[in-house]
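K.L.:
In case you want the letters, here they are:
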Amino acid sequence: MRRGLIARSLVELPDAVFDARLDRVRAAMRDAKLDALVVYTNNTRPAGVSWLVGFVPYWSEALLVVPREGAPYLVAALTFRVKTWIERVSRIGEVLHNPRVGLKAAQQIASVQKSATVGVVDFDGLPTGIADDIHEGGPTLVLNEAGPLFAGLRAKADPAEIALAGKAAAIAHQALAQASGGTLNAMIARAERQARLDGAEEIYVAAAPDLARDLRFMRIEGEAAWGKSFALRVTVAYKGTWVRLVRTFCDAGIAAKAAARLAQAVAPLPSDRGFAGFTSWLVEGCRTTQPLEPLMGSRFGAANPPQSGAFVSVQGVLAVDGTTVLVGAPVLLGAPSEAASLVIDPSYH
Amino acid sequence: MLAEERRLRLAAAMREAGVDHLVLYGNAWQGDYLRYGTDFGILEGHGIALIAADGAAELYLDSATDAERAEAEAPSVRIHFAPDIARAVGARLDRFANSRLAAAPRRFLPRWLADPARSFAIDDGTALVDRLLMHKTEGEIAAVRRAAQIADEAYAEFLKVVRPGRRQYEIVADIEAHLRARGCPDNFMIIGSGGKDVLGMTPPSERRIAAGDLVTTELTPAVEGYFAQICRTLVVGKATDAQRRAFAVFAEALEAGIAAVRPGVRAADVARAENDVFRKHGLGEYTTSQWTRVRGHGMGLFADSKPHILEDVNTVLEPGMALIVHPNTYHPEAGYIVLGDAIVVTERGAEVLCKTPHQLFEVAA
Chain A
1 MRRGLIARSL
11 VELPDAVFDA
21 RLDRVRAAMR
31 DAKLDALVVY
41 TNNTRPAGVS
51 WLVGFVPYWS
61 EALLVVPREG
71 APYLVAALTF
81 RVKTWIERVS
91 RIGEVLHNPR
101 VGLKAAQQIA
111 SVQKSATVGV
121 VDFDGLPTGI
131 ADDIHEGGPT
141 LVLNEAGPLF
151 AGLRAKADPA
161 EIALAGKAAA
171 IAHQALAQAS
181 GGTLNAMIAR
191 AERQARLDGA
201 EEIYVAAAPD
211 LARDLRFMRI
221 EGEAAWGKSF
231 ALRVTVAYKG
241 TWVRLVRTFC
251 DAGIAAKAAA
261 RLAQAVAPLP
271 SDRGFAGFTS
281 WLVEGCRTTQ
291 PLEPLMGSRF
301 GAANPPQSGA
311 FVSVQGVLAV
321 DGTTVLVGAP
331 VLLGAPSEAA
341 SLVIDPSYH
Chain B
350 MLAEERRLRL
360 AAAMREAGVD
370 HLVLYGNAWQ
380 GDYLRYGTDF
390 GILEGHGIAL
400 IAADGAAELY
410 LDSATDAERA
420 EAEAPSVRIH
430 FAPDIARAVG
440 ARLDRFANSR
450 LAAAPRRFLP
460 RWLADPARSF
470 AIDDGTALVD
480 RLLMHKTEGE
490 IAAVRRAAQI
500 ADEAYAEFLK
510 VVRPGRRQYE
520 IVADIEAHLR
530 ARGCPDNFMI
540 IGSGGKDVLG
550 MTPPSERRIA
560 AGDLVTTELT
570 PAVEGYFAQI
580 CRTLVVGKAT
590 DAQRRAFAVF
600 AEALEAGIAA
610 VRPGVRAADV
620 ARAENDVFRK
630 HGLGEYTTSQ
640 WTRVRGHGMG
650 LFADSKPHIL
660 EDVNTVLEPG
670 MALIVHPNTY
680 HPEAGYIVLG
690 DAIVVTERGA
700 EVLCKTPHQL
710 FEVAA
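In the order they appear, the protein sequences are chains A and B.
Residues 1 to 349 (the working numbering) make up the first sequence, in order.
Residues 350 to 714 (the working numbering) make up the second sequence, in order.
Because the hints were derived from the structure by calculation, they are not lab data.
Since the structure is predicted, the reported quantities are computational estimates derived from the model, not experimental observations.
A few of these clues could be false.
Unchecked claim - Capping the alpha-carbon separation at 27 Å, the derived lysine-lysine pairs in BS3-like fashion look like this:
id, chain 1, residue 1, chain 2, residue 2
1, A, K33, A, K114
2, B, K704, A, K83
3, A, K83, B, K655
Starting from the given sequences, assemble the full structure and let the hints guide the process.
P.N.:
Printed below as a string of structure tokens:
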């Protein structure tokens, strides 16, 4: 449930950025002979709609309809009372309010063209209730999976997204730099507060409280004992862009060596050859609507390797001078034959 | 302890309904059904749990990060990391094609799983789980009670951190940190500030608090996954006569709503008791959906559970239900005002969990 700052910045996300993205989408729709594109959003799958119009629901769900001609419109289950808020925080021309968003969206599309061909991003994953309502509202609409089309369009980060990623990474870094206190909860509270004060839309903090016992991150509830060496991972959203950053609290020299090893490991991405010597590793990024989808990793191979120019987050476990270190940072992939690089130095001096 | 209690209740309900396998869906917005069966609080991606008739749970997650977290946090559940979660669950359900399957909440299941082309058919089991979610055990009520206490404490902190010149998101940052420092990992919170131009609450904005503002908030911390809510309104500076008059209507409506709570009445009766106060004062228009969403709702593993307190909801209240009663709406002379208490339905009526006074608070301008 999103509860950080949600505000539009015309400096960071000017109209021209959304216009350029929509132009690319419409060109692809023409090539694919789609009359409309439908993108689902809720607060766990916001990344498609936020990329197109900047809207992030804090609660509830909505469908964005992008007609091949004409302005996109949002069909939201949120009530009419938040209409002005939606208009203020995003670039949406028209907001329609209806608890049955699928029904209303389909009726709107069918009112223009009864048998329109509609691409639905992540159609297989669309909530059943909404899919049923789309069929009810537009029984003669032709519905196609548009996930791969959309993923191709947004695979390469544009300058605005790279700038937002840099800001999100800086927020995450500052949060981890501020993490101090007499208890693990106090440390997490300081990190969360700092991130929210710096404008984070959301922050999740997970902890691996005692690396001598368990390397897995977990959400801490109540009091938790911590070991000599422990790690925190922050996941920060800033204006629709998500990053993860990991800090192991251990000898500073060892942490710096781990950061350097991570920088070397990510350089060959999307090749995984840099991770030889890591105990485990994971690359996540946004393809369609999930902000941090697993793309490749030591547990599952290269399921969806990122493309050149993509922006991803990388986590890994490695041993440095006999000490186990958890490390992670956002990464920008280069053009073909160019090295990928960390967006921020994940060390703390 | 709570997880085991829930597992047994779920298994018993499945047996009674003749369900062989229950499919529970969850995400970070609507995670209550999934948490009920697995005790895992999902944060990212989709989660789908398969619950066997004996209560044994398998949990499929399409977020690698959350799958690792689930392995650490829900050790009694078999965790599967499944990037293509619908097809992974489908492959498992293929083996149960002759069993009776039900899903909750079915409307959220990925469309692919509910497609008639599958070898299995999944009935709607939402009502089965809803009954369990609404009718809480003593252990569950105890968690709600602790969450309500934390909500009271957080509102006391809210009164300290609201000051002119501060931005809404800075205030929320302070409250989140206050809760986090006390080991509370989850909270639902929205806020509003201003005058008669404000129609409701939203996530925090960059707006600075100003003298004369009405500042509204819903604070909803969770303990062991169970949410409890408090709604209060404050004035920055001295409240005007109009603000006091307006607030008195809300206080009267809240008391009427709480007084209406007892076993056997319907959710509609509570809503009507609240709304009748507004109607008596000539403010009936402001009880409609144009101005307000609900007059309260259930609380538990979801911050906005069933039943919704509305005049057309006929759910019968029974002991063991946890609710928030909140006649929140717009008042034409003052703006948007909120006032609400977490309560538990007992044999004798409502036990009010929130201890913060029903007061239009004033903070220094």
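K.L.:
Now look at each hint and say whether the structure bears it out.
P.N.:
Now the hints, each set against the structure:
Note on K33 of chain A and K114 of chain A: the hinted pairing holds, with a Cα-Cα distance of about 15 Å set against a maximum of 27 Å. A hinted pair counts as satisfied when its Cα atoms are at most 27 Å apart, and K704 of chain B with K83 of chain A does not qualify at roughly 34 Å. Distance hint between K83 of chain A and K655 of chain B is fulfilled; the C-alpha atoms sit about 25 Å from each other, no more than 27 Å.
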